[in-house]
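Engineer: In order, the protein sequences belong to chains P and R. The first sequence finishes on residue 153 if you use the numbering used here, and the numbering steps up by one all the way, no holes. The second sequence finishes on residue 666 if you use the numbering used here, and the numbering steps up by one all the way, no holes.
Take these hints with a grain of salt, some might be off.
Output of the computed footprint for chain R on chain P, the stretches with three or more beta carbons under 8 Å from beta carbons of chain R [claimed, not checked]: (1) 6-17; (2) 20-32; (3) 57-70; (4) 82-94.
These are calculated hints, taken from the structure and not from any lab test. All C-beta atoms, glycine included, are put in the ideal place defined by N, C-alpha and C.
Each chain, written out:
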Amino acid sequence: MKPKHQRLVLVVVALVALIAAGLLAAWALRNQASYFYLPEQMQSDPPAVGQGVRLGGMVEMGSLRTLADGVTIAFVVTGNGDARVPVRFAGILPDLFEEGSGVVAEGSLQADGTFRADNLLAKHDENYVPRELEGMSRMQAAKMAEETTVGLE
Amino acid sequence: MIAELGLAALWLAAALAGLQLVCGALATRVMGHGDGATTELALVTRPVAILQGGLVAFSFAMLVWVFVITDLSVKLVVANSHAMKPLVFKIAGAWGNHEGSMLLWVTVMALAGALIAAIERRLPERTMQATLAAQGFVALGFYAFLLLSSNPFERLPLPPAEGMGLNPLLQDIGMAFHPPTLYVGYVGLSVAFSFAVGALLTRQVTPDFARAMRPWLLGAWVFLTLGITAGSYWAYYELGWGGWWFWDPVENAALMPWLAATALLHSAGVLAARDALRAWTIMLGVVAFSMSMVGTFLVRSGILTSVHAFAVDPRRGSFILALLAIYIGGALLLFALRAGTVSEGQRFAIASREGALVVNNVMLSAVLAIVLLGTLYPLLTEAFDVRVSVGPPYFNPVGAVFVVPMLLVMAVGPLLRWRRDSLGRISRELALVGALILAALVLVSILGEVELLPLLGLALATGLAVASLLPLRGRALRRVPLATWGMVAAHLGIAVALFGMASDSAFTRERLVALAPGQDAQVGPWRVTLERIDPVAGPNWTALQATLRASYNDGPPTALAPQARSFWAPAQQTSETALATRWNGQLYAAMGGEAPGATGSPRWQLRLWWKPFVIWIWLGGLMVAMGGVMALVGRVLADVKRRSVTRRAASRRADRAEVLAAGANE
Numbered sequence: 001m002k003p004k005h006q007r008l009v010l011v012v013v014a015l016v017a018l019i020a021a022g023l024l025a026a027w028a029l030r031n032q033a034s035y036f037y038l039p040e041q042m043q044s045d046p047p048a049v050g051q052g053v054r055l056g057g058m059v060e061m062g063s064l065r066t067l068a069d070g071v072t073i074a075f076v077v078t079g080n081g082d083a084r085v086p087v088r089f090a091g092i093l094p095d096l097f098e099e100g101s102g103v104v105a106e107g108s109l110q111a112d113g114t115f116r117a118d119n120l121l122a123k124h125d126e127n128y129v130p131r132e133l134e135g136m137s138r139m140q141a142a143k144m145a146e147e148t149t150v151g152l153e
Numbered sequence: 001m002i003a004e005l006g007l008a009a010l011w012l013a014a015a016l017a018g019l020q021l022v023c024g025a026l027a028t029r030v031m032g033h034g035d036g037a038t039t040e041l042a043l044v045t046r047p048v049a050i051l052q053g054g055l056v057a058f059s060f061a062m063l064v065w066v067f068v069i070t071d072l073s074v075k076l077v078v079a080n081s082h083a084m085k086p087l088v089f090k091i092a093g094a095w096g097n098h099e100g101s102m103l104l105w106v107t108v109m110a111l112a113g114a115l116i117a118a119i120e121r122r123l124p125e126r127t128m129q130a131t132l133a134a135q136g137f138v139a140l141g142f143y144a145f146l147l148l149s150s151n152p153f154e155r156l157p158l159p160p161a162e163g164m165g166l167n168p169l170l171q172d173i174g175m176a177f178h179p180p181t182l183y184v185g186y187v188g189l190s191v192a193f194s195f196a197v198g199a200l201l202t203r204q205v206t207p208d209f210a211r212a213m214r215p216w217l218l219g220a221w222v223f224l225t226l227g228i229t230a231g232s233y234w235a236y237y238e239l240g241w242g243g244w245w246f247w248d249p250v251e252n253a254a255l256m257p258w259l260a261a262t263a264l265l266h267s268a269g270v271l272a273a274r275d276a277l278r279a280w281t282i283m284l285g286v287v288a289f290s291m292s293m294v295g296t297f298l299v300r301s302g303i304l305t306s307v308h309a310f311a312v313d314p315r316r317g318s319f320i321l322a323l324l325a326i327y328i329g330g331a332l333l334l335f336a337l338r339a340g341t342v343s344e345g346q347r348f349a350i351a352s353r354e355g356a357l358v359v360n361n362v363m364l365s366a367v368l369a370i371v372l373l374g375t376l377y378p379l380l381t382e383a384f385d386v387r388v389s390v391g392p393p394y395f396n397p398v399g400a401v402f403v404v405p406m407l408l409v410m411a412v413g414p415l416l417r418w419r420r421d422s423l424g425r426i427s428r429e430l431a432l433v434g435a436l437i438l439a440a441l442v443l444v445s446i447l448g449e450v451e452l453l454p455l456l457g458l459a460l461a462t463g464l465a466v467a468s469l470l471p472l473r474g475r476a477l478r479r480v481p482l483a484t485w486g487m488v489a490a491h492l493g494i495a496v497a498l499f500g501m502a503s504d505s506a507f508t509r510e511r512l513v514a515l516a517p518g519q520d521a522q523v524g525p526w527r528v529t530l531e532r533i534d535p536v537a538g539p540n541w542t543a544l545q546a547t548l549r550a551s552y553n554d555g556p557p558t559a560l561a562p563q564a565r566s567f568w569a570p571a572q573q574t575s576e577t578a579l580a581t582r583w584n585g586q587l588y589a590a591m592g593g594e595a596p597g598a599t600g601s602p603r604w605q606l607r608l609w610w611k612p613f614v615i616w617i618w619l620g621g622l623m624v625a626m627g628g629v630m631a632l633v634g635r636v637l638a639d640v641k642r643r644s645v646t647r648r649a650a651s652r653r654a655d656r657a658e659v660l661a662a663g664a665n666e
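Model the full structure from these sequences, guided by the hints.
Structural biologist: See below:
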């Protein structure tokens, strides 16, 4: 094998591996990426039961309660219209999670129509807003900022 | 006054970076005309680089100083500090924000440039000039970024009475060390980048070039490894989520340069020892630091939101994006133009150590591509108004497709000879490692229900641990070079870390409970009793502290005290976790809020994990870094020794010539 050929072989091997990685990534990303849903989307076009997605909206006033086991929390997430999605979450609530504030729940829709959250993302401080909450309607964002922002004018 | 001194030093350093670029470029040009052609400008480049490093270091020291004395007329101090904060966090506050961390970035960059200017003597002088010019060129862009859009020394017309404080999540001792360590690694890769650009400009891609680059690369890689390990441990105990890697874009931003640097380290080894993989090594040198810059863009542009994205400012994002386009695009263009003129290196057979290292390189690059695509995908889809997040369900299995074959080859590669070898020669070692992996696979799947990936991880870790020691077999251990010990330690560290990761995901037990004082809960082999809840106070926070008594298999109890802390500047809550460490794992306790009791008495939420062998993850990371240090020291000592031997031989020859000449005169 001449040197020229060896270089060619190496380039081809590297390219094939990288293209394979790219194709595999593209295919897996289409299947595995977890999509973001607003409550009205979740009701009109629900994801498959058990598929990992994110649900973002506002925690309805008066809906937050702790179940008898002391660790499961139930609340309702509302969107722009009158769409309401009941959510169950077993875990320690993030700081600054409260009724009337914005939240992003990571989890999956259950067969009975409740959303089981594995993780809740709330606003951590004035510098950290879950990205999904940024694009909410202006009115909501303003309302949320007013209620959850600490230490800003 | 102090702030103005810092700012003046920064402007001067920027001007010197420009001078370094001009002198280096002109000297490279003049010296290219032929034998012995040189110019006085070449004498200026090195001192300028050293002076530039000194000035930036001075500027950074001034920033730390205004934070130490809490000078509230400086905008950055007001936004990120508070007089009541403990001193170590005042100092750490200097880099716990956008402007300060960018200043740290250029400081590391300039110091790295100063260091190569001061002590690197092995490169041909012309390549050295080109390298320093490239270093100055990259630094110039980041000085412009700092001075034009993120001035850390900006004053306020009206100083307020008190600062706003540092994000409490960052008020942790790990914060004092994690960013500087990570940055030394991250930005230290700029040296590899400049070396690659310099070598391309002068077409001097030789084994000597690889030998000169390797110690610098090893140094940066060690710090990067340590920084990632420390960052992972920080996220583990500070965030209170019990995880040690979240595939957060910010973590990926540190992982990507590490993957590229690891590949570069191995291909530079091939170039140094065997004069092969020339163009590929140069390419990786460009890619590694490009990944550092992509990471800086992701983290600093505000395009992502995380604890690292201190503030959102679209202007800064487009500024960094422009810098990325200039540097990465320019370097790749130079590569495309010059790669053809880099002549082909030595040949080798597929079954050889070079062959194994090529597989390692290709697989690492594929993993890099997968992490990069997964990190950028949400940004891409957002352009089409579709919001997605990409997490472990993507990264873990897709990454494993390439990591598993890479680990298999990694077990065998160090046993192969350079240039040409046959698998038949090492068939006994192959059979041993294969049998170990199979035995571990069968044993673990019989003993418990374990998912595929952790199962593979446990089996591979077992085989790899033994395989990593095999290169020492049959050798006089005292005469094994230090660099070889380094390789063994680093490969063993990978096996140890892999075992920790697989064991954590396979055997972790988690309980979420609400306990009243006096009640207990079982998690794995631990029995945890809540004794009482007390209020406690620190310098700038108050907290509720749970006192827990935990006993392992009914052994003697250990006390644990997780806290739910409330900071008041800025007002924020954090969860302080408590850990009980044993050699075979960690009990991890985090405290939540109050839960209403069934009978009206208050209960408290506790989240408990038993994580078998989880500390082995970071232990393995430390071993990998340690291996890097050993290789670095071994290479440098060998080089010093070789040079002193040549010098002595030369002086002996000179002596003999003198004696002969004296004899002839008599």
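Engineer: Next, verify each hint and record whether it holds.
Structural biologist: Here is how each hint holds up against the structure:
Counting residues of the region 6-17 of chain P whose CB lies closer than 8 Å to any CB of chain R gives 6, which reaches the minimum of 3, so the coverage claim holds. Interface restraint, the region 20-32 of chain P with chain R: holds (9 residues with C-beta to C-beta distance below 8 Å; minimum three). Interface restraint, the region 57-70 of chain P with chain R: holds (4 residues with C-beta to C-beta distance below 8 Å; minimum three). Coverage of the region 82-94 of chain P by chain R holds in this model, with 4 residues showing a Cβ closer than 8 Å to a Cβ of that chain against a need of three.
The structure shown violates none of the earlier numbered hints.
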